[in-house]
Amino acid sequence: AAGVIQSPRHLIKEKRETATLKCYPIPRHDTVYWYQQGPGQDPQFLISFYEKMQSDKGSIPDRFSAQQFSDYHSELNMSSLELGDSALYFCASSLGTSGPTGELFFGEGSRLTVL
Amino acid sequence: SQELEQSPQSLIVQEGKNLTINCTSSKTLYGLYWYKQKYGEGLIFLMMLQKGGEEKSHEKITAKLDEKKQQSSLHITASQPSHAGIYLCGFLNSGGYQKVTFGTGTKLQVIP
Numbered sequence: 001a002a003g004v005i006q007s008p009r010h011l012i013k014e015k016r017e018t019a020t021l022k023c024y025p026i027p028r029h030d031t032v033y034w035y036q037q038g039p040g041q042d043p044q045f046l047i048s049f050y051e052k053m054q055s056d057k058g059s060i061p062d063r064f065s066a067q068q069f070s071d072y073h074s075e076l077n078m079s080s081l082e083l084g085d086s087a088l089y090f091c092a093s094s095l096g097t098s099g100p101t102g103e104l105f106f107g108e109g110s111r112l113t114v115l
Numbered sequence: 001s002q003e004l005e006q007s008p009q010s011l012i013v014q015e016g017k018n019l020t021i022n023c024t025s026s027k028t029l030y031g032l033y034w035y036k037q038k039y040g041e042g043l044i045f046l047m048m049l050q051k052g053g054e055e056k057s058h059e060k061i062t063a064k065l066d067e068k069k070q071q072s073s074l075h076i077t078a079s080q081p082s083h084a085g086i087y088l089c090g091f092l093n094s095g096g097y098q099k100v101t102f103g104t105g106t107k108l109q110v111i112p
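First to last, the protein sequences are chains V and C.
The first sequence: position 91 = 91 (this note's numbering), numbered continuously.
The second sequence: position 54 = 54 (this note's numbering), numbered continuously.
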């Protein structure tokens, strides 16, 4: 079965550079979530989209932005990268509903290293 | 996240032994997820519990939800080295879009 696809899997950037991560949800899933997991930490929610509209916002820095496109894939743009941005970035998708139902499936993650 | 506390933080067991991981929430649970993560890899969905008293099993892993106590437990029977990893519980926020807030994780090592 198709899963959540994230690219790239690994990315190395210098400080103050820009990075873009992509997420392709499971087919027919209309909701996408982005999480950031620092070394030894639990995943922290950044932002989510439902039907191409931002649905919720967590601890996402102002230097980061994201959007969901018409084909439901999402991109997380990170600018002015800092050393502390080095982390594993997860994307998850689900079939959005009006209530807390359904399963949330995660991608393998994109590992960003900022030097 | 302090909203979700997991215990123990780490666990080392002999292969074949049973073990239990607990997850306690400071907020009302609308749903509780259990995920497993190998170091540096993706989160593997194990199960989701929604109703108080609900119990689900997948192979040798059983999870229960005690809604009143705002707790969930994950029990592994006859542990195997393949069970090693980090187990994360996550609770479902009350909003409509299934945002999951994760606990601090329990690191499990299984010694052959």
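Just so you know, the hints here were simulated from the structure itself, not pulled from any lab data.
Misleading hints may appear alongside valid ones.
[Stated by the list, open to error] Counterexamples of contact, computed for chain V against chain C with all Cβ distances above 12 angstroms:
id, residue
1, 8
2, 15
3, 18
4, 44
5, 61
[Unchecked claim] Computed list of lysine to any residue pairs in SDA-like fashion (alpha-carbon distance at most 20 angstroms, straight line):
id, chain 1, residue 1, chain 2, residue 2
6, C, 27, V, 58
7, C, 51, C, 78
8, C, 36, V, 105
[As the list claims (entries may be wrong)] Among chain V residues calculated to face chain C with C-beta under 7 angstroms, some are:
id, residue
9, 62
10, 72
11, 104
12, 109
Here a beta-carbon is modelled for each residue, glycine too, at the ideal position from N, C-alpha and C.
How the hints compare with the structure:
1. For residue 8 (chain V), the shortest C-beta to C-beta distance to chain C comes to about 14 angstroms, beyond the 12 angstroms cut-off, and the non-interface label holds.
2. Remark: the non-interface label on residue 15 (chain V) is consistent with the geometry, its nearest Cβ contact in chain C lying 22 angstroms away (cut-off 12 angstroms).
3. With a least CB separation of 24 angstroms from chain C, residue 18 (chain V) remains clear of the 12 angstroms interface cut-off, as annotated.
4. Its closest Cβ contact with chain C, about 8 angstroms, brings residue 44 (chain V) to no more than 12 angstroms, contrary to its assignment away from the interface.
5. With a minimum CB-CB distance of about 18 angstroms to chain C, residue 61 (chain V) clears the 12 angstroms threshold, and the non-interface call stands.
6. With a C-alpha separation of about 17 angstroms, the suggested pairing of residue 27 (chain C) with residue 58 (chain V) holds against the 20 angstroms cut-off.
7. Proposed proximity of residue 51 (chain C) and residue 78 (chain C) is contradicted: the alpha carbons are some 27 angstroms apart, above 20 angstroms.
8. A hinted pair counts as satisfied when its Cα atoms are at most 20 angstroms apart, and residue 36 (chain C) with residue 105 (chain V) qualifies at roughly 12 angstroms.
9. Interface hint at residue 62 (chain V): violated, since its Cβ lies 20 angstroms from the closest Cβ of chain C, which is beyond the 7 angstroms cut-off.
10. Against a cut-off of 7 angstroms between C-beta atoms, the interface hint on residue 72 (chain V) is violated, since the closest Cβ of chain C lies about 14 angstroms away.
11. Taking 7 angstroms as the C-beta cut-off, the interface hint given for residue 104 (chain V) holds, the closest approach to chain C being about 6 angstroms.
12. Because the closest C-beta pair between residue 109 (chain V) and chain C is about 5 angstroms apart, less than 7 angstroms, the hint holds.
In summary, the numbered hints that this structure violates are 4, 7, 9 and 10.
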